[in-house]
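Full structure from sequences and hints, please.
Residues per chain, in single letters:
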Amino acid sequence: MDLENQKRVKELTEKYGAENIVVLIGAAEGEAAGLAAETVTAGDPTFAGPLAGVQLGLRVYHAVEPEFKEAVDPEVYDEQIGMMEMVLDVDDIINEVKSIREQYCKFKD
Amino acid sequence: MTYAVVKGAGYILVHTPDMVLHNGTTQTTERIINPDSDYLKELPNHLRSFDEVVEYLPNQVYIGNMTPEELGKYEQPWVDKKAEGASKVGKFGEIMPQDEFIGLMKIVDTFDLVKLSKEFSVEVTKKLEDHHFISKDLISRIKEGEEIEEIEKLIKDQGAEPLYNNGEVVGCVKRAHDVDTNLSAHVIFENLAVKASGTLAALNLVEKNNINPEDVEYVIECSEEACGDMNQRGGGNFAKSIAEMAGFVNATGSDTRGFCAGPTHSVIEAAALVQAGVYKNVVVVGGGATAKLGMNGKDHVKKGLPILEDVLGGFALLIGENDGINPVLRTDLVGRHTVGTGSSPQAVITSLVTAPLDKGNLKITDIDKYSVEMQNPDITKPAGAGDVPKANYKMIAALGVKRNDIEKSELNSFIEKHGMEGWAPTQGHIPSGVPYVGFGREDILSGKINRAMIVGKGSLFLGRMTNLFDGVSIVMEKNSGKVEEEKGVSEEEIRKLVAEAMRDFASHLLEN
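Chains as they are written, first to last, in numbering that gives the first Met the number 0: chain A, 0 to 108; chain B, 0 to 511.
Don't take each hint at face value.
Lysine-lysine pairs mimicking DSSO-like chemistry, simulated, CA-CA at most 27 Å apart [as the list claims (entries may be wrong)]:
1) B:Lys447 to B:Lys358
2) B:Lys125 to B:Lys142
3) B:Lys447 to B:Lys362
4) B:Lys358 to B:Lys380
5) B:Lys416 to B:Lys90
6) B:Lys40 to B:Lys297
7) B:Lys90 to B:Lys447
8) B:Lys380 to A:Lys97
9) A:Lys6 to A:Lys97
10) B:Lys279 to B:Lys90
11) B:Lys380 to B:Lys301
12) A:Lys68 to B:Lys362
13) B:Lys72 to B:Lys358
14) B:Lys416 to A:Lys68
15) B:Lys279 to B:Lys477
16) A:Lys6 to B:Lys301
17) A:Lys107 to A:Lys68
18) A:Lys9 to B:Lys142
19) B:Lys401 to A:Lys68
20) B:Lys447 to A:Lys6
21) A:Lys97 to A:Lys107
Honestly, the hints are just simulated from the structure, not real lab data.
Okay, structure coming up:
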């Protein structure tokens with residue numbers, strides 16, 4: 000996750016509290032999605048940005064995960080993400096992000 | 000009104016290993032934050048030799064010695080393979096070594112800001128004299144050079160940016176003002192590298208396509224740097240400065256910017272200017288970015304790969320009046336990502352790919368080749384950015400499925416047939432849409448394909464002025480051979496139109 004985004008996530012969390020933040024990611028493949036999810040839960044694995052060593056433990060989902068899909072208008076979902084669902088390796092992304100969430104997310108809901 | 004045509008293309012690479020170390024922002028940033036890092040220590044062991052760069056398959060494709068199809072036959076990664084019979088001189092251009100390029104930076108420097116040592120000046124003059132076409136006039140601009148002590152003093156005391164070759168200081172780029180950060184040695188270095196590589200591309204365009212430089216009337220430069228001073232940071236312009244060096248004595252020009260979308264914006268503008276009859280011949284040219292050298296170096300070093308971002312890229316295209324032969328640029332089939340388009344990939348691909356096709360009642364399969372962001376996957380995959388062209392083709396194909404242009408089962412065969420492997424270095428604007436224009440022109444001329452779409456996309460948000468992304472596209476098509484003259488409406492046609500209107504009017508009267 001780029002340094003500017005890490006900074007924004009950190010600042011928003013400090014302002015509104017970790018319990019009030021959900022991070023929604025849109026990375027195009029599993030590894031990158033997992034890294035982004037890890038950054039906002041366990042801290043920046045590359046130790047380069049503001050979240051290095053900072054364990055926010057935020058709720059984090061990828062836009063193709065069922066939790067998110069079920070929460071939004073199906074028509075809007077199809078219009079905005081339907082095409083990408085066909086393109087992305089959805090299962091790989093779900094596995095990666097889910098596994099990070101299960102390991103590092105502070106909120107078990 | 001008749002369409003403009005693509006009359007020729009030039010593509011160049013410059014191997015710049017020392018500039019990777021000293022001018023790439025990944026390295027300069029690391030040197031500030033973590034000067035003793037393992038990465039900086041390990042990096043020099045991962046630099047390639049000039050021969051390795053020449054033999055690298057994607058580089059041979061970039062300068063036209065191999066086709067994208069031929070590259071596609073080699074299994075990825077390509078870094079461990081060599082091109083048979085590779086040459087630094089290609090059908091579309093050349094690969095220049097660093098020492099000659101430093102000489103070229105001196106040649107294009109009109110303000111005496113580049114200082115080269117006496118010894119290096121002699122060496123590089125001799126080398127450039129053996130270059131296959133650089134003129135004596137240009138080479139004579141190198142002059143005899145300075146004492147190395149003088150150069151070291153400028154670096155130490157006056158903030159000059161050193162010019163390294165094989166790890167040794169051979170010269171420097173001076174700052175052009177004591178206080179103005181826009182004229183600092185760093186900025187002048189970057190800008191002279193753009194100018195020199197852009198000039199090399201323009202010279203190759205002329206050389207490889209038998210163009211008379213005097214026929215060029217306008218130049219659009221589309222790299223991603225800005226030249227100016229503290230009162231006008233992006234005042235401009237690279238275009239005219241390159242035109243001057245390339246001998247386009249009858250041309251003026253201007254710079255067009257749009258991050259990586261800059262080249263495609265420029266092609267559309269050039270086509271429109273020619274089609275409207277404003278100028279007969281317009282050159283679109285882009286120089287390379289020293290800042291992006293070794294951009295993904297950390298990942299490459301970590302994975303035991305050589306630094307693959309060790310070249311500057313440049314290109315130049317000539318867009319001219321319809322000659323009935325060369326492929327036309329269909330200005331009526333232009334796609335654009337508008338402010339209101341939205342940022343979802345689906346909206347983006349719709350606006351850039353299918354919207355222009357709809358204007359011409361074309362299907363997704365009616366475009367034989369899509370030239371998208373043709374980034375070399377050898378570079379992007381180890382850096383976690385995936386295969387960029389392939390991702391684009393997947394999206395185009397998926398949209399095709401949604402529009403019922405193709406079946407879902409045809410997704411992969413569509414990608415294979417209408418896509419290509421990426422071969423361009425990750426220099427931002429350099430891989431964006433334009434790398435295929437040279438091949439596309441040849442493929443259309445030889446009858447291999449009829450239509451190609453050039454798609455350019457740009458990350459405007461990096462400039463922090465908008466959160467928006469950008470993109471434009473245009474279709475390049477086989478010339479029908481008919482060069483329509485622009486003509487007024489003839490008397491006979493007017494009579495016909497009046498008669499039709501009268502008949503229409505009469506029929507209305509009868510109905511009532």
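We went through each hint and held it up to the structure:
1. Simply put, Lys447 of chain B and Lys358 of chain B have alpha-carbon atoms about 24 Å apart, close enough for the 27 Å limit, and the pair holds.
2. The hinted pair formed by Lys125 of chain B and Lys142 of chain B meets the criterion: a straight-line CA distance of about 12 Å does not exceed 27 Å.
3. Between the alpha carbons of Lys447 of chain B and Lys362 of chain B the distance comes to roughly 19 Å, so the proposed pair stays at or under 27 Å and holds.
4. Under the criterion of a C-alpha separation no larger than 27 Å, the hint pairing Lys358 of chain B with Lys380 of chain B is inconsistent with the structure, at around 36 Å.
5. Taken as a hint, the Lys416 of chain B and Lys90 of chain B pair is honoured in the structure, with Cα atoms around 24 Å apart against an allowance of 27 Å.
6. Distance hint between Lys40 of chain B and Lys297 of chain B is fulfilled; the C-alpha atoms sit about 12 Å from each other, no more than 27 Å.
7. For the proposed pair Lys90 of chain B and Lys447 of chain B, the alpha carbon gap of about 18 Å is at most 27 Å, so the pair holds.
8. Distance restraint check for Lys380 of chain B and Lys97 of chain A: the Cα-Cα separation of roughly 23 Å lies within the 27 Å cut-off, and the hinted pair is therefore satisfied.
9. Proximity of Lys6 of chain A to Lys97 of chain A is assessed by CA-CA distance (about 23 Å); at most 27 Å being required, the pair is judged to hold.
10. With a C-alpha separation of about 25 Å, the suggested pair Lys279 of chain B and Lys90 of chain B falls inside the 27 Å cut-off, and the hint holds.
11. The hinted pair formed by Lys380 of chain B and Lys301 of chain B meets the criterion: a straight-line CA distance of about 13 Å does not exceed 27 Å.
12. Taken as a hint, the Lys68 of chain A and Lys362 of chain B pair is broken in the structure, with Cα atoms around 30 Å apart against an allowance of 27 Å.
13. With a C-alpha separation of about 35 Å, the suggested pairing of Lys72 of chain B with Lys358 of chain B is violated against the 27 Å cut-off.
14. Restraint check for Lys416 of chain B and Lys68 of chain A: the C-alpha separation of about 33 Å exceeds 27 Å, so the hint is violated.
15. Taking the CA atoms of Lys279 of chain B and Lys477 of chain B, the gap is about 20 Å. The hint holds against a cut of 27 Å.
16. For the proposed pair Lys6 of chain A and Lys301 of chain B, the alpha carbon gap of about 25 Å is at most 27 Å, so the pair holds.
17. Under the criterion of a C-alpha separation no larger than 27 Å, the hint pairing Lys107 of chain A with Lys68 of chain A is consistent with the structure, at around 19 Å.
18. Pair hint Lys9 of chain A plus Lys142 of chain B does not hold up; C-alpha atoms about 56 Å apart against a cutoff of 27 Å.
19. Restraint check for Lys401 of chain B and Lys68 of chain A: the C-alpha separation of about 19 Å stays at or below 27 Å, so the hint holds.
20. The suggested pairing of Lys447 of chain B with Lys6 of chain A is violated, with an alpha-carbon distance near 51 Å, which exceeds 27 Å.
21. About 12 Å separates the Cα atoms of Lys97 of chain A and Lys107 of chain A, which keeps this hinted pair within 27 Å; it holds.
Consistency with the previously given hints fails for numbers 4, 12, 13, 14, 18, 20, ordered from lowest to highest.
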